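Enquirer: Listed in order, the protein sequences are those of chains U, X and S. For the first sequence, our numbering begins at 27 and goes up steadily by one. For the second sequence, our numbering begins at 125 and goes up steadily by one. For the third sequence, our numbering begins at 231 and goes up steadily by one.
Read the hints as simulated data drawn from the structure, not as lab findings. Please read all numbers here as calculations on a predicted model, not as lab measurements. Honestly, I wouldn't trust all of these hints.
Derived Cβ-Cβ restraints for the label pairs, each shown as a range [claimed, not checked]:
| hint | chain 1 | residue 1 | chain 2 | residue 2 | range |
| --- | --- | --- | --- | --- | --- |
| 1 | U | 42 | S | 622 | 38 to 44 Å |
| 2 | U | 137 | S | 622 | 25 to 31 Å |
| 3 | S | 339 | U | 51 | 56 to 62 Å |
| 4 | U | 51 | X | 195 | 29 to 35 Å |
| 5 | U | 116 | S | 244 | 46 to 52 Å |
| 6 | U | 29 | X | 223 | 46 to 52 Å |
| 7 | U | 159 | S | 600 | 55 to 61 Å |
For every residue, glycine included, the Cβ atom is placed at its ideal position computed from N, Cα and C.
Now for the letters of each chain:
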Amino acid sequence: MIPMLIFMFCAALAVAGAITLIWSREPIHSALALVLVMMSLAALYLLIGAPFISAVQVIVYAGAIMVLFVFVIMLLNFGLEERTKFSKLAIPGIILAFILMAEIGWRLAHSAGGRTAPLVEASTRDLSEMLFRQYLFPFEATSILILIAVLGALVLARKES
Amino acid sequence: MTGVIPISWYLVLSAVLFGLGVVAFVFKRNVITVFMSIELMLNAVNLAFVAFARAHNRLDGLVFVFFVIVVAAAEAAVGLAIVIMLAQNRQSLNVERVNLLKL
Amino acid sequence: MELIYQHPVLVAAIIKIAVLLFIVMTALAYLTWLERKAIAHIQSRWGPYNVGAHGLLQPLADGIKFLFKEDVTPPVASKFVYTLAPFLALSLGLTSIALIPFGPTTGKNGVYLFGQPAWAVTDLNIGLLMLFAVGSLGVYGVALAGWSSNSKYPLLGGLRSSAQMVSYEVSLTMSVVGVVLVAGTLSFSELIEKQSGPFWHWNIFSLRWGGVPQIIGFICYLTAAVAETNRVPFDLPEAETELVAGFHTEYSSFKFAMFFMAEYANMITVSCLATILFLGGWLSPFPDSWHWQWFLPGAGLLALAAYCAWNTVAEMRGIARLQLGVVTLLAGGGGLFCLIPVVAEHIQGPFWFTTKILAILFFYIWMRATLPRFRYDQLMSFGWKFLLPLSIANLVITALAVVLWPLVRHG
């Protein structure tokens with residue numbers, strides 16, 4: 027009963043964060059709402075038994091990527107988002123979006139086949155063995171990718187001197 | 125504590141978050157907010173990966189999630205650098221102002 | 231009562247959290263007292279002396295002052311973010327203390343509450359990683375506070391402070407990976423178990439079979455931790471002469487008190503982490519067979535009670551005499567309680583943990599009293615060009631040693 031309550035609470039927080047992302051006019055509020063979504067997803071990863079991914083999500087996603095977003099929003103302080111008149115095309119758009127959500131949700135839910143997560147949580151040792159044995163090449167490739175990204179960001183953001 | 129909640133619940137939540145990400149992507153006008161909706165969609169997909177990995181008791185899904193997070197970090201860095209240059213050149217963060225190539 | 235039988239984990243956790251919260255808030259308050267007294271004595275003066283006997287009620291007076299001061303809210307960029315930032319800072323600072331074991335959690339030495347280990351609120355398998363996760367969120371409090379204050383000095387201070395925290399966070403994590411490599415686990419209790427034995431088995435010396443000395447790691451960790459918590463000599467972002475008060479300039483009364491408490495809570499957290507990783511956590515430096523060490527806490531408290539008693543009779547007058555008399559009685563009672571053999575045997579863990587934390591905190595305070603502060607560009611180049619390569623070098627050497635250890639044959 028308690029795990030279900032925790033799931034409901036975290037899921038409600040995640041959906042509330044996503045709706046705040048859409049609804050709010052200030053970009054900083056949207057960024058903080060996204061941080062809330064990421065933290066509730068981290069709690070859900072802990073609940074499902076993947077503690078390492080939960081910690082990585084908080085350290086990398088919520089603690090580094092979103093800090094970058096918050097910095098950029100703070101520095102490019104262009105103010106509130108503009109709202110134009112509500113166009114009539116939006117209503118079928120929203121209905122189609124709901125249909126998309128419902129269709130994806132229905133198909134996904136039925137493909138899980140009523141399983142639940144195994145009782146033992148995913149061990150970090152096994153995950154790291156897999157990362158460094160079978161997935162060694164992608165690991166090294168992503169490290170080079172990060173290097174390229176750092177160089178690219180440096181070059182792009184430098185002032186023309 | 126694990127083993128009580130059906131995996132389909134996590135998958136439905138993932139679908140809902142993905143749909144909300146699509147809505148945000150289509151309806152928002154600030155470049156940074158559009159970028160954040162992409163991150164929201166990536167998070168929803170991560171949740172689906174983790175849910176499936178735990179459903180079949182394999183670790184491949186978790187390794188994939190790890191790589192998605194890392195690549196999202198690289199993409200965020202470069203994307204935000206582009207956004208900064210855009211803001212400096214067009215003096216606005218509205219996506220509709222980025223229309224120099226329009227006929 | 232059935233609640234306890236059905237959900238022992240939950241009830242035990244709630245009790246532990248309540249007790250720990252109370253103890254940590256008191257410790258935060260008296261850490262400020264300790265800092266003011268220690269800095270004062272290093273600078274040849276008395277420090278707080280009048281408010282209670284020996285200034286012991288000064289934290290209470292400060293707390294009352296913070297509560298009653300006027301809460302000025304300047305025309306801020308966003309009221310929500312302005313109010314959120316100090317709450318975020320304080321709650322993150324206090325959350326990380328929940329992950330730390332203060333004493334043995336398994337085995338016959340452990341103390342158990344409804345079947346759950348009593349000395350740790352939680353004992354995660356990836357405790358170390360979770361602690362870093364909570365620490366990496368600390369940047370938000372500072373950055374949001376600086377930006378939402380809508381003013382030049384806080385913005386500059388907030389940006390500088392968050393850039394500093396992000397930079398030194400990398401070196402902090404790198405200097406810890408050496409310890410994790412040698413121990414092969416991320417869980418705090420197992421990290422401490424691997425250091426059991428005489429004090430030269432602690433990770434800082436690590437003179438045991440399969441151990442690699444982590445003295446460089448310890449020095450890198452301590453330096454990065456001082457920078458991470460914005461303490462002297464790395465406290466330019468909140469220096470009075472440079473930036474008024476940095477990111478918390480525009481905060482008053484209780485919100486400022488929350489930032490203040492968050493800084494000390496972060497200090498306590500990094501000290502706890504340093505003792506667990508490098509100084510053997512709750513292990514005692516003496517061998518376990520020397521049973522006389524069980525009576526050290528009791529003896530120490532009784533010595534404190536004797537000093538307070540002498541001071542009460544000989545030097546204090548008036549109300550200070552009454553206050554110090556109360557302190558004497560409390561210390562004496564605590565000392566006698568710790569001398570009961572059952573209690574003395576089991577309080578070893580928290581006693582040694584607290585002693586080591588106090589040693590590191592005293593080191594922090596000592597640095598504040600003696601060292602001048604770095605300039606900001608010196609600070610950043612030190613972090614990226616010296617400390618990070620040093621911690622990576624430590625990691626590489628430790629990894630090499632760990633791989634080469636199995637090749638050494640037993641005699």
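Enquirer: None of the hints should be skipped; say for each whether it holds.
Expert: Hints, one by one, checked against the model:
1. U:42 - S:622: 38 to 44 Å: Holds, at about 41 Å.
2. U:137 - S:622: 25 to 31 Å: Given a distance of about 44 Å, which is not inside 25 to 31 Å, the answer is violated.
3. S:339 - U:51: 56 to 62 Å: 57 Å, holds
4. U:51 - X:195: 29 to 35 Å: 31 Å, holds
5. U:116 - S:244: 46 to 52 Å: 47 Å, holds
6. U:29 - X:223: 46 to 52 Å: 50 Å, holds
7. U:159 - S:600: 55 to 61 Å: 50 Å, violated
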